Amino acid sequence: MSIWRDVKREATNPAFTEGVRDMLPVTPGIAAWGITTGVALANSGLSLVEASAMTLFVFAGSSQLAATPLIMSGAPLWVVWLTALCVNLRFAVFSAHVRPFFMRFPLLRRTVYAYLLTDTSYVVFIKRYPTVPETDAQRAHMESYWRALGFVTWVAWMGSSFLGIALSSVIPLTWGLSFAGILALMGISCSLVTTRLRALAATLSGTAAVMAFSMPMKLNILVAVGVAVAMSVLIEKSGRSAYAGQDALDVDAGDADRSGGEKRG
Amino acid sequence: MWTRVMRTGVGEKNVAESMQAIGETDPWTMLAILGLTVLTVVTRSFFLWSEEKMPIPAMVSAWLALRTRRGDGRGDRARNRDAKWRAHQHLAGRAFIRCGRRLAVVLYPRWRVGTIVCGMCVYLPLHLLMAW
Numbered sequence: 252m253s254i255w256r257d258v259k260r261e262a263t264n265p266a267f268t269e270g271v272r273d274m275l276p277v278t279p280g281i282a283a284w285g286i287t288t289g290v291a292l293a294n295s296g297l298s299l300v301e302a303s304a305m306t307l308f309v310f311a312g313s314s315q316l317a318a319t320p321l322i323m324s325g326a327p328l329w330v331v332w333l334t335a336l337c338v339n340l341r342f343a344v345f346s347a348h349v350r351p352f353f354m355r356f357p358l359l360r361r362t363v364y365a366y367l368l369t370d371t372s373y374v375v376f377i378k379r380y381p382t383v384p385e386t387d388a389q390r391a392h393m394e395s396y397w398r399a400l401g402f403v404t405w406v407a408w409m410g411s412s413f414l415g416i417a418l419s420s421v422i423p424l425t426w427g428l429s430f431a432g433i434l435a436l437m438g439i440s441c442s443l444v445t446t447r448l449r450a451l452a453a454t455l456s457g458t459a460a461v462m463a464f465s466m467p468m469k470l471n472i473l474v475a476v477g478v479a480v481a482m483s484v485l486i487e488k489s490g491r492s493a494y495a496g497q498d499a500l501d502v503d504a505g506d507a508d509r510s511g512g513e514k515r516g
Numbered sequence: 005m006w007t008r009v010m011r012t013g014v015g016e017k018n019v020a021e022s023m024q025a026i027g028e029t030d031p032w033t034m035l036a037i038l039g040l041t042v043l044t045v046v047t048r049s050f051f052l053w054s055e056e057k058m059p060i061p062a063m064v065s066a067w068l069a070l071r072t073r074r075g076d077g078r079g080d081r082a083r084n085r086d087a088k089w090r091a092h093q094h095l096a097g098r099a100f101i102r103c104g105r106r107l108a109v110v111l112y113p114r115w116r117v118g119t120i121v122c123g124m125c126v127y128l129p130l131h132l133l134m135a136w
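Those sequence lines, one after another, are chains L and R. The working numbering numbers the first residue of the first sequence as 252 and each following residue consecutively. The working numbering numbers the first residue of the second sequence as 5 and each following residue consecutively.
Since the hints were made in silico from the structure, they are not lab data. Some hints could be false.
[To be verified] Each pair of labels, with its calculated beta carbon distance range:
id, chain 1, residue 1, chain 2, residue 2, range
1, L, Lys378, R, Val126, 23 to 31 angstroms
2, R, Leu35, L, Lys488, 30 to 38 angstroms
3, L, Arg360, R, Leu38, 18 to 26 angstroms
4, R, Leu130, L, Ala481, 47 to 55 angstroms
5, L, Gly410, R, Val42, 23 to 31 angstroms
6, R, Cys122, L, Phe464, 43 to 51 angstroms
7, R, Tyr127, L, Thr386, 42 to 50 angstroms
8, L, Gly477, R, Met134, 55 to 63 angstroms
Quantities reported herein were computed from a predicted structural model and do not represent experimental measurements. Built from N, CA and C at the ideal position, the CB exists for glycine as well.
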């Protein structure tokens with residue numbers, strides 16, 4: 252009963268409801284993406300148990316979609332896992348970013364919280380929390396807020412994925428529902444382009460991803476991440492600034508020769 | 005090489021066959037799924053496991069410009085540079101950023117759902133009728 256009371260208290264917590272409210276507009280995108288993934292898994296040839304296990308445990312749409320055709324074509328395990336790793340590498344970057352936010356929690360709890368770290372919940376979270384909270388009250392608010400984001404994401408994803416599996420024979424993949432998921436991510440990604448360096452990184456990674464599209468194992472994503480990070484680092488270094496962003500592309504008169512030399516060299 | 009046995013998926017079967025498919029669970033596939041689960045957990049909590057101070061994540065987040073806010077922790081030098089930058093602003097760059105900001109302002113807070121609805125309204129006819 253006490254668990255029930257805890258759940259009730261959390262559900263009426265203003266921080267939690269705020270999180271739910273912030274997450275709801277993105278939910279249609281998650282749901283569309285989930286339905287698509289469910290349909291794709293069921294139609295790929297995975298058995299009901301396999302498709303359900305993958306949905307329940309893997310909880311990462313893009314890596315599920317990338318890995319399933321490889322599993323079905325009988326690719327070696329290392330290829331399946333390497334592909335999923337490439338697709339998942341962005342999460343390691345996210346985890347680096349949320350580290351100062353989560354390190355106050357015990358290991359198990361932060362691992363569980365990190366498990367709920369999806370593209371959408373991450374973006375909504377860093378929009379709400381651009382800086383690490385300092386007081387205990389703020390931290391408690393942040394934790395409840397994060398739980399709400401994770402909760403909505405998880406429920407939306409699981410519900411829609413299983414709906415997709417159940418309706419796989421009715422919903423054809425040709426409807427292009429997955430595009431709705433891409434649109435949802437596009438919307439929130441654009442909202443993150445707030446500095447020159449971010450705009451540049453987004454353009455570079457987008458261009459690289461499209462140009463390298465024909466690479467196997469979804470390596471174009473890895474190439475895109477690599478190109479964007481490398482170029483951003485180079486540009487930032489040439490600006491000799493500890494702060495990326497607004498002042499990163501700007502070079503002091505005194506720095507100009509130096510950085511010019513570095514670039515040529 | 006030991007890989008999974010080829011067969012059709014649940015989506016192409018009737019209910020009775022789908023029930024039968026429960027028994028067809030392939031250990032190799034389950035192993036692959038287990039590995040994928042581990043990968044999800046490991047990548048998402050990669051920088052959260054070590055208790056030690058990590059200089060890299062700070063660099064990574066700075067590199068990726070994830071935590072940039074104007075005004076905090078910036079010295080006179082940075083402000084001077086800002087002023088200089090503003091003095092010879094790159095027109096193309098500024099227009100680009102403006103575009104991005106405007107898009108962001110329009111797309112995110114107000115039309116977060118609208119993005120999806122409008123996008124699908126454009127995409128679906130193209131996709132279904134013109135087979136894009």
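Hint-by-hint comparison with the structure:
no. : hint                                    : verdict
1   : L/Lys378 / R/Val126: 23 to 31 angstroms : holds (26 angstroms)
2   : R/Leu35 / L/Lys488: 30 to 38 angstroms  : violated (44 angstroms)
3   : L/Arg360 / R/Leu38: 18 to 26 angstroms  : holds (23 angstroms)
4   : R/Leu130 / L/Ala481: 47 to 55 angstroms : violated (35 angstroms)
5   : L/Gly410 / R/Val42: 23 to 31 angstroms  : holds (25 angstroms)
6   : R/Cys122 / L/Phe464: 43 to 51 angstroms : violated (25 angstroms)
7   : R/Tyr127 / L/Thr386: 42 to 50 angstroms : holds (45 angstroms)
8   : L/Gly477 / R/Met134: 55 to 63 angstroms : violated (35 angstroms)
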